[in-house]
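As a plain string of letters, each chain reads:
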Amino acid sequence: MSAEFVQLSLTPILIGIFAAIACALPGNFLILRRQALIGDAISHVVLPGIVVAFLVTGTVAAIPMLIGAAFAAVVAVILIEAIKRLGGIEPGAAMGVVFTALFAGGVLLLEQSDTSSVHLDVEHALMGNLESLIWFGASGWESLFDPTALATLPPELPRIALVALIVSALTWLFWRPLTISTFDEGFAQALGIRAAALGFGLVIVAAVAAVAAFDAVGSIIVIAMFICPPAAARLMTNRLGHQIGWSVVFATLSAVLGYVLAGYGPLWFGAQDSVSAAGMIAAVSGLILGLTAVFGPCRARVGEGPVAS
Amino acid sequence: MSAIWQALTFQAGYNATLVTLGALLLGFAAGAVGSFMVLRKRALVSDAMAHATLPGVGIAFILMVALGGEGRNLAGLLAGSAITAGLGLLCVDWITRHTRLAKDAAIGAVLSVFFGLGVVILTLIQTMEGGRQAGLEGFLLGSTAGMLYADAMVIAGGGALAVLAVWLLRRPMTMVAFDAGFAQAMGINVRGVDLAMMVLVMGVTVIGLKIVGLILIVALLIIPAVTARFWTERAGAMLWIAGILGAVAGYLGAVLSTVAPAMPTGPIIVLIAAGLFLFSLLFAPLRGVAAALIRHQRFQARVHRRQGLLALARLEPIHDPLTLRTLRRAGLIRPDGVATDAGRAEAARAARDERRWDMARAAHQDTALTGRYDGLTPIDAVFTRDQIAGFDRLIGPPQEVRP
Amino acid sequence: MSAAITLAATAGQAIAPQPDPDAALSIRGLTVSYADKPAVFSVDASFAAGAMTAIVGPNGAGKSTLLKAALGVIPRLSGEVTVFGQPLAQARARIAYVPQRASVDWDFPTRVIDVVLMGMYRKLGLLGRVRIAHRDAARACLDRVGMADFATRQIGQLSGGQQQRVFLARALAQDADLYMLDEPFAGVDAATEAAIIGVLKSLRDEGRSVIAVHHDLATVADYFDRVLLLNVRRIAEGPIDTAFTPAALQSTYGGRLASAQIDQLKLGGA
Numbered sequence: 001m002s003a004e005f006v007q008l009s010l011t012p013i014l015i016g017i018f019a020a021i022a023c024a025l026p027g028n029f030l031i032l033r034r035q036a037l038i039g040d041a042i043s044h045v046v047l048p049g050i051v052v053a054f055l056v057t058g059t060v061a062a063i064p065m066l067i068g069a070a071f072a073a074v075v076a077v078i079l080i081e082a083i084k085r086l087g088g089i090e091p092g093a094a095m096g097v098v099f100t101a102l103f104a105g106g107v108l109l110l111e112q113s114d115t116s117s118v119h120l121d122v123e124h125a126l127m128g129n130l131e132s133l134i135w136f137g138a139s140g141w142e143s144l145f146d147p148t149a150l151a152t153l154p155p156e157l158p159r160i161a162l163v164a165l166i167v168s169a170l171t172w173l174f175w176r177p178l179t180i181s182t183f184d185e186g187f188a189q190a191l192g193i194r195a196a197a198l199g200f201g202l203v204i205v206a207a208v209a210a211v212a213a214f215d216a217v218g219s220i221i222v223i224a225m226f227i228c229p230p231a232a233a234r235l236m237t238n239r240l241g242h243q244i245g246w247s248v249v250f251a252t253l254s255a256v257l258g259y260v261l262a263g264y265g266p267l268w269f270g271a272q273d274s275v276s277a278a279g280m281i282a283a284v285s286g287l288i289l290g291l292t293a294v295f296g297p298c299r300a301r302v303g304e305g306p307v308a309s
Numbered sequence: 001m002s003a004i005w006q007a008l009t010f011q012a013g014y015n016a017t018l019v020t021l022g023a024l025l026l027g028f029a030a031g032a033v034g035s036f037m038v039l040r041k042r043a044l045v046s047d048a049m050a051h052a053t054l055p056g057v058g059i060a061f062i063l064m065v066a067l068g069g070e071g072r073n074l075a076g077l078l079a080g081s082a083i084t085a086g087l088g089l090l091c092v093d094w095i096t097r098h099t100r101l102a103k104d105a106a107i108g109a110v111l112s113v114f115f116g117l118g119v120v121i122l123t124l125i126q127t128m129e130g131g132r133q134a135g136l137e138g139f140l141l142g143s144t145a146g147m148l149y150a151d152a153m154v155i156a157g158g159g160a161l162a163v164l165a166v167w168l169l170r171r172p173m174t175m176v177a178f179d180a181g182f183a184q185a186m187g188i189n190v191r192g193v194d195l196a197m198m199v200l201v202m203g204v205t206v207i208g209l210k211i212v213g214l215i216l217i218v219a220l221l222i223i224p225a226v227t228a229r230f231w232t233e234r235a236g237a238m239l240w241i242a243g244i245l246g247a248v249a250g251y252l253g254a255v256l257s258t259v260a261p262a263m264p265t266g267p268i269i270v271l272i273a274a275g276l277f278l279f280s281l282l283f284a285p286l287r288g289v290a291a292a293l294i295r296h297q298r299f300q301a302r303v304h305r306r307q308g309l310l311a312l313a314r315l316e317p318i319h320d321p322l323t324l325r326t327l328r329r330a331g332l333i334r335p336d337g338v339a340t341d342a343g344r345a346e347a348a349r350a351a352r353d354e355r356r357w358d359m360a361r362a363a364h365q366d367t368a369l370t371g372r373y374d375g376l377t378p379i380d381a382v383f384t385r386d387q388i389a390g391f392d393r394l395i396g397p398p399q400e401v402r403p
Numbered sequence: 001m002s003a004a005i006t007l008a009a010t011a012g013q014a015i016a017p018q019p020d021p022d023a024a025l026s027i028r029g030l031t032v033s034y035a036d037k038p039a040v041f042s043v044d045a046s047f048a049a050g051a052m053t054a055i056v057g058p059n060g061a062g063k064s065t066l067l068k069a070a071l072g073v074i075p076r077l078s079g080e081v082t083v084f085g086q087p088l089a090q091a092r093a094r095i096a097y098v099p100q101r102a103s104v105d106w107d108f109p110t111r112v113i114d115v116v117l118m119g120m121y122r123k124l125g126l127l128g129r130v131r132i133a134h135r136d137a138a139r140a141c142l143d144r145v146g147m148a149d150f151a152t153r154q155i156g157q158l159s160g161g162q163q164q165r166v167f168l169a170r171a172l173a174q175d176a177d178l179y180m181l182d183e184p185f186a187g188v189d190a191a192t193e194a195a196i197i198g199v200l201k202s203l204r205d206e207g208r209s210v211i212a213v214h215h216d217l218a219t220v221a222d223y224f225d226r227v228l229l230l231n232v233r234r235i236a237e238g239p240i241d242t243a244f245t246p247a248a249l250q251s252t253y254g255g256r257l258a259s260a261q262i263d264q265l266k267l268g269g270a
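Order-wise, the sequence lines are chains X, E and L. If you're matching positions, the first sequence starts at 1 in this note's numbering and goes up one per residue. If you're matching positions, the second sequence starts at 1 in this note's numbering and goes up one per residue. If you're matching positions, the third sequence starts at 1 in this note's numbering and goes up one per residue.
Hints in this document: simulated from the structure, not taken from any laboratory. Note that the Cβ used here is the ideal one computed from N, Cα and C, for glycine as well. Wrong hints could be hidden among the right ones.
To spell it out: a stretch of chain E is covered by chain X in this simulated footprint if at least three of its residues, at any positions, have a beta carbon under 8 Å from a beta carbon of chain X; those stretches are [stated by the list, open to error]:
{"no.": "1", "region": "95 to 102"}
{"no.": "2", "region": "280 to 292"}
{"no.": "3", "region": "309 to 317"}
Take the sequences, apply the hints, and build the full model.
As structure tokens, then:
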């Protein structure tokens with residue numbers, strides 16, 4: 001049993017946890033800035049970014065994908081701003097135009113690439129691939145200390161772990177200016193904080209997290225990871241520091257429970273195969289959000305939101 | 001080539017014709033309904049609803065199979081999709097109203113969670129059926145290949161109904177979209193119109209599931225509407241321009257996809273709509289990038305010219321390089337920064353205009369006129385010659401600007 | 001006086017001032033526009049150090065815009081800004097900004113004491129630890145505005161007046177030489193207004209400078225030493241006695257202020 005667990009389940013669960021945390025951290029600030037839907041936009045636009053990088057380099061390598069995705073995110077943000085200013089269009093609609101068009105382009109390119117030997121699967125792009133990120137060379141818990149076994153670890157694991165680490169470090173490093181500029185942008189600017197650059201940096205970090213998580217949960221479910229754990233955390237506390245903590249807890253819980261329910265749940269009901277782990281993670285995070293929305297201690301709105309100037 | 005021509009002229013067979021017709025009608029309805037959503041600032045709510053259709057499709061399939069029927073009955077699937085879409089909308093509303101979370105977080109949460117649930121159900125169905133493809137993935141990105149005649153009828157019929165509904169509701173829709181408060185005061189039931197609109201959005205979404213897929217239907221709702229915004233300032237015109245743009249995208253996209261059946265239809269239609277949008281973004285005379293750039297340049301030049309002239313009149317040194325460049329180019333100063341004769345004349349004129357405005361704002365009681373002062377509008381564009389003469393009597397004779 | 005200078009003088013306006021190195025804030029030729037319409041046009045203003053100056057004008061006159069553009073919070077089309085003789089970027093440590101309350105999300109998960117500590121960002125930097133000394137200083141600022149008992153309260157639970165005091169405490173925590181406030185008395189109760197003006201006057205008495213966008217003409221003369229009358233352009237500027245006159249007010253407000261209303265106000269000399 002334990003050998004099977006380490007081989008089949010340990011790495012997917014770990015990847016899921018790191019992906020969830022890497023997304024939840026920036027997600028906290030995105031929802032406070034009322035930019036939750038940038039997460040929606042980013043998770044749609046990383047697809048064409050990744051596809052273009054893949055078509056250009058011919059491989060499914062990590063760095064080109066990251067660059068492609070970051071580039072796509074930058075292009076998207078610029079286009080969204082242009083549409084907002086020039087057309088006087090509300091932010092939601094501006095985002096909608098950009099990310100659906102870019103996503104459609106990505107899907108089309110993806111379909112075109114079907115003929116080549118190495119290709120990305122549309123279904124995986126949408127729903128992720130978590131269940132297949134298994135550790136072939138493992139034979140049990142002792143493999144964690146065995147260098148030859150460790151060499152066969154799926155590369156997605158160290159990748160997402162690194163991204164989660166970087167995102168955590170950046171969050172800790174820029175905690176103060178990020179908090180101040182999210183709370184009161186004008187005041188932050190007067191202090192000399194580069195609020196616009198910070199906001200832009202936040203979006204880029206989110207894009208990087210989305211790309212890293214893309215392998216695990218695909219394009220659309222990443223949105224759940226940006227929004228649901230932080231949103232649930234927001235309903236649990238009135239202090240930002242505690243909110244971040246809760247979001248990490250909820251993210252981890254969603255990843256673990258989601259994977260376990262997807263993998264083992266059907267077996268408990270007598271079915272043969274598992275269901276989508278990514279989908280189940282999203283569903284569990286939604287369930288947690290639902291519970292906090294009904295029972296959370298700080299779920300009620302306390303103060304007035306910002307008046308649009 | 002002849003295959004495309006056949007498709008374009010509705011000669012490629014019953015199914016292809018119906019699909020093209022359906023896509024055309026769908027595009028029109030989506031464009032018009034979407035304009036309303038964009039004007040009411042609810043564009044992405046429809047994205048949440050569209051993604052929320054997925055679990056409904058799956059559950060409907062399971063139920064129909066369990067009841068011994070053909071799981072892929074389109075009408076049944078669409079009914080299921082409508083139910084969960086409505087549920088999703090209710091959730092967005094509930095979250096926004098009963099928690100401290102903002103609308104955007106609610107939309108994103110519903111969108112992704114419902115979609116995730118739908119994905120779980122889809123994979124469940126896959127295991128149920130064994131190797132058999134339920135074909136439900138076609139609802140994600142659209143697939144018109146191998147569509148049944150009955151399906152095509154549903155789509156064409158639904159599209160026509162949606163267009164009819166938009167036509168019937170066009171007046172209240174336009175009024176509410178333009179100014180909901182005013183419409184309410186005029187006796188229009190704004191809540192009812194909003195509800196009708198959400199039902200129409202749901203209808204368009206559900207009809208569009210087969211052709212464009214749920215991930216991209218929101219594109220058809222938003223892109224033609226935003227495109228139309230670049231061409232007109234009137235809400236009514238926007239609705240119809242958006243409808244036409246959507247219809248064109250639907251028509252061309254369906255045609256192209258019947259000719260290349262392996263490609264998913266949804267992305268093609270969306271990309272055509274996006275192409276139309278890009279063109280409009282750049283070249284629309286009212287709000288396009290090109291027009292805006294030109295307008296901004298002209299405005300900057302006016303501001304700097306005016307500021308420069310006033311500085312000349314006050315004999316102040318000018319530091320700003322753009323101001324100097326503007327004045328030099330207009331021949332108002334020499335390269336060394338000293339005013340030319342023309343420059344001094346213009347400066348005196350600008351100073352006098354400024355002084356007249358000061359007098360106008362001090363003496364004249366009508367704020368509708370004095371409120372038009374913005375530093376650039378010349379006073380003779382606002383007041384009559386007699387009024388200006390009245391101000392002049394209070395100011396005194398014009399003064400020359402002498403270096 | 002040469003004929004040319006007489007030209008400007010007969011118009012009843014002062015000649016545009018040279019940049020004043022002794023002024024707390026000096027603005028020259030500031031123009032700001034929204035969507036190709038000027039909101040503030042070619043404004044020259046010199047805010048004296050060690051004084052309390054009000055910026056006054058009708059709605060839409062560009063008062064907040066002027067403040068924000070001077071601070072670099074919004075972009076400007078043209079103009080120079082110097083603070084205590086230095087460019088803005090070098091003098092930021094000496095400025096404290098109190099923005100309008102409405103621009104903030106008061107449901108933000110933060111406590112009163114945390115907001116005040118935000119004011120110490122320049123001292124703390126990215127990673128500096130918040131020590132007892134910092135907390136004591138923050139509490140002292142809260143005490144000065146009468147909010148010491150609210151330190152651990154969540155900000156959404158505060159009333160409008162209390163929120164404004166917290167904003168002021170945050171500014172005090174910056175220990176600045178120039179305080180710039182945007183409508184500090186808007187929507188606050190009388191007790192808060194008295195408390196705030198008390199703090200501002202004590203700042204002035206310490207030799208610091210205060211500039212505030214003020215919406216209530218009736219209290220300008222009582223609260224402030226100097227005034228800038230603004231309506232897209234600079235109308236008048238200077239000590240209350242010379243600048244806050246019926247003629248200047250009439251120019252600023254146009255027909256919006258009936259003569260009777262002006263008579264009611266406490267003004268400077270004619």
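Going through the hints against the structure:
1. 95 to 102: The restraint on the region 95 to 102 of chain E holds, since 6 of its residues have a Cβ under 8 Å from chain X and three suffice.
2. 280 to 292: Answer holds; 5 residues pass the 8 Å Cβ test.
3. 309 to 317: violated (count 0)
This entry does not satisfy hint 3, going by the numbered hints stated previously; all others are met.
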